[in-house]
Amino acid sequence: MTYNPHLHHRQSIRLKGYDYTQTGAYFVTICTYQRNCLFGEIVDGEMKLNISGEIAKSSWLSITRYFANVELDEFVIMPNHLHGIIIIVENEVKQDFSENQNLPSQCFDNTGIKSVKINGTQSQSLAAIIQNYKSVSSRKINQIYQAKGNVIWQRNYYEHIIRNAEVFNQIHQYILNNPINWQTDQENPQNLQAVR
1 MTYNPHLHHR QSIRLKGYDY TQTGAYFVTI CTYQRNCLFG EIVDGEMKLN
51 ISGEIAKSSW LSITRYFANV ELDEFVIMPN HLHGIIIIVE NEVKQDFSEN
101 QNLPSQCFDN TGIKSVKING TQSQSLAAII QNYKSVSSRK INQIYQAKGN
151 VIWQRNYYEH IIRNAEVFNQ IHQYILNNPI NWQTDQENPQ NLQAVR
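The sequence shown lines up with residues 1 to 196 when you count with the UniProt record's numbering.
Keep in mind that the hints are not guaranteed to be accurate.
In silico DSS-like pairs for lysine-lysine, Cα to Cα no more than 25 angstroms straight-line [stated by the list, open to error]:
(1) Lys48 <-> Lys134
(2) Lys134 <-> Lys57
(3) Lys140 <-> Lys48
Derived Cβ-Cβ restraints for the label pairs, each shown as a range [unchecked claim]:
(4) Pro189 <-> Asn91: 34 to 42 angstroms
(5) Gln34 <-> Asn169: 27 to 35 angstroms
(6) Asn91 <-> Ile161: 17 to 25 angstroms
(7) Leu61 <-> Gln170: 22 to 30 angstroms
(8) Ala165 <-> Tyr145: 22 to 30 angstroms
(9) Glu54 <-> Asn181: 16 to 24 angstroms
(10) Gln122 <-> Thr184: 30 to 38 angstroms
(11) Lys148 <-> Asn50: 15 to 23 angstroms
(12) Gly24 <-> Gln173: 16 to 24 angstroms
(13) Gln34 <-> Glu90: 34 to 42 angstroms
These are computed hints drawn from the structure, not numbers from a lab. From the three backbone atoms N, C-alpha and C, an ideal C-beta is built for every residue, glycine too.
Start from the sequences and build out the full structure, keeping to the hints where you can.
So this is what it looks like as structure tokens:
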């Protein structure tokens, strides 16, 4: 289909003028492509991860290996999405390699997984963190299933800047209760079909 600016207009859902590299806590939601249930199922109010779900979980936990300025708080992998709290902290040793043209465009981490230099995304930003997570987890899932290029995640992600302790605690509790509330979750495909 040919691009038509009247039909195909994408607008940023990010807060205009906000610096997503600054210290702070962020609540993120990342959905699977077409909200397919790829990561397991809810059984008796608990999330039972399958192999893809375990990869999504281990990839999330490895974010701090790639980003020294990140701390992870509560998170949950659901059948077709992830909720998590990412905290960007001050990093005294922060280095920006994005301008260094001498770096290879591809390199390997200590697990032998090839990673690609991020172009166009501000280094150490929330977008760079999510982009890296999606890339690493997708690549590992595709390797397990000996697939190449299967789309795992939707194109974007949702974020909410956590501005105070009260909101932080509410979001923390929301994440903890997400599996219990799956039957009424707006991301549950059964509920999505009912809305349409």
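Inset, instruction - Confirm or reject the claim that Pro189 and Asn91 have a C-beta distance inside 34 to 42 angstroms. - result: Holds: the Cβ-Cβ distance is about 39 angstroms, inside 34 to 42 angstroms.
Legend entry - Range agreement (Cβ of Glu90 with Cβ of Gln34, hint 34 to 42 angstroms): holds (38 angstroms)
Inset, instruction - Indicate whether the distance between the beta carbons of Lys148 and Asn50 respects the range 15 to 23 angstroms. - result: holds (20 angstroms)
Inset, instruction - With respect to the beta-carbon atoms only, verify the hint that Leu61 and Gln170 lie 22 to 30 angstroms apart. - result: Given about 24 angstroms between the Cβ atoms, the range holds.
Inset, instruction - Mind checking the alpha carbons of Lys48 and Lys134 for me, to see if they're no more than 25 angstroms apart? - result: holds (21 angstroms)
Inset, instruction - Take a look at whether the Cβ-Cβ distance between Gln122 and Thr184 falls inside 30 to 38 angstroms. - result: Because 37 angstroms falls inside the window, the suggested range holds.
Inset, instruction - Would you check the hint for Lys140 and Lys48, treating anything up to 25 angstroms between C-alpha atoms as holding? - result: Judged against 25 angstroms, a Cα distance of about 19 angstroms means the pair holds.
Inset, instruction - Given the range 16 to 24 angstroms, decide if the beta-carbon distance of Glu54 to Asn181 lies inside it. - result: holds (22 angstroms)
Inset, instruction - State, for the Cβ atoms of Ala165 and Tyr145, whether the hinted interval 22 to 30 angstroms holds or is violated. - result: Because 42 angstroms falls outside the window, the suggested range is violated.
Inset, instruction - Determine whether the Cβ-Cβ distance between Gln34 and Asn169 falls within the hinted range of 27 to 35 angstroms. - result: holds (33 angstroms)
Legend entry - Ile161 and Asn91 - C-beta distance against the hinted 17 to 25 angstroms: With Cβ atoms ~19 angstroms apart, the hint holds.
Inset, instruction - Indicate whether the distance between the beta carbons of Gly24 and Gln173 respects the range 16 to 24 angstroms. - result: Roughly 20 angstroms apart at Cβ, these two residues keep to the hinted range, so it holds.
In this structure, only the earlier hint numbered 8 is contradicted, and the remaining ones agree with it.
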